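S.K.: This is what each chain is made of:
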Amino acid sequence: NAGVMQNPRHLVRRRGQEARLRCSPMKGHSHVYWYRQLPEEGLKFMVYLQKENIIDESGMPKERFSAEFPKEGPSILRIQQVVRGDSAAYFCASSPLSSSYNEQFFGPGTRLTVL
Amino acid sequence: AQSVTQLDSHVSVSEGTPVLLRCNYSSSYSPSLFWYVQHPNKGLQLLLKYTSAATLVKGINGFEAEFKKSETSFHLTKPSAHMSDAAEYFCVVSDPSGTSYGKLTFGQGTILTVHP
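These protein sequence lines map, in sequence, to chains F and P. Take 1 as the starting number for the first sequence in my numbering and just add one per residue. Take 1001 as the starting number for the second sequence in my numbering and just add one per residue.
If you're looking for bench data, these hints aren't it; they were derived computationally from the structure. No incorrect hints appear here.
Below, in silico cross-link-like pairs of lysine-lysine (DSBU-like), each with a Cα-Cα straight-line distance of 35 Å or less:
#: 1; chain 1: F; residue 1: Lys44; chain 2: P; residue 2: Lys1049
#: 2; chain 1: F; residue 1: Lys51; chain 2: P; residue 2: Lys1049
#: 3; chain 1: F; residue 1: Lys44; chain 2: P; residue 2: Lys1069
#: 4; chain 1: F; residue 1: Lys62; chain 2: P; residue 2: Lys1049
#: 5; chain 1: P; residue 1: Lys1042; chain 2: F; residue 2: Lys44
#: 6; chain 1: F; residue 1: Lys62; chain 2: F; residue 2: Lys44
#: 7; chain 1: F; residue 1: Lys51; chain 2: P; residue 2: Lys1042
#: 8; chain 1: F; residue 1: Lys62; chain 2: P; residue 2: Lys1042
#: 9; chain 1: P; residue 1: Lys1049; chain 2: F; residue 2: Lys27
#: 10; chain 1: P; residue 1: Lys1058; chain 2: F; residue 2: Lys51
#: 11; chain 1: P; residue 1: Lys1042; chain 2: F; residue 2: Lys71
#: 12; chain 1: F; residue 1: Lys27; chain 2: P; residue 2: Lys1042
Everything numeric in this text was worked out from a predicted model, so none of it was measured.
Take the sequences, apply the hints, and build the full model.
M.R.: Pasting the structure below:
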């Protein structure tokens, strides 16, 4: 059973460009969480999705950021018009259930660098 | 609301000596607590979890943690450090209340250095 997959592993964008980060959850997992890790900080929750639904986006910046988890295909975190402050590691995690008792399985992360 | 405080940003030990990484939490409900480890440029791996069963939790690679409700602590320990334990460790809380949906709240992390 393959783990959580994220691609690309490294992404370089210039200011103003768009960044698309992909996450394929573990087989059988229908719950996806996105977290952001800024330099020298712990991970911060961004958004929680189930198939075709955004359940909780309380950690997402109000502008330029969006997320989706379509019926088919990976979850996508999209950042429009990137700025230097968006440089961070973005981690995706998946879980078979949304219960707090279930661990979340993390992908290797996408490290975004904005020039 | 839930929060986690890791009391040490860096811990340095010698190989073969005990490891103690300290964590205090705040939660409105009976929380679930986790310790994750992150090796450089890698993803996060679960070391252990507490979910209201036994208060002493054993994890992988010889790590264990004890949930102490009276002290709101969940410190991570290992009797004897190995060089391969050098990494960053995160204490994490998940609030089972209805609006949290299982999302995790991370501490700031503790970087463990192991000297030969």
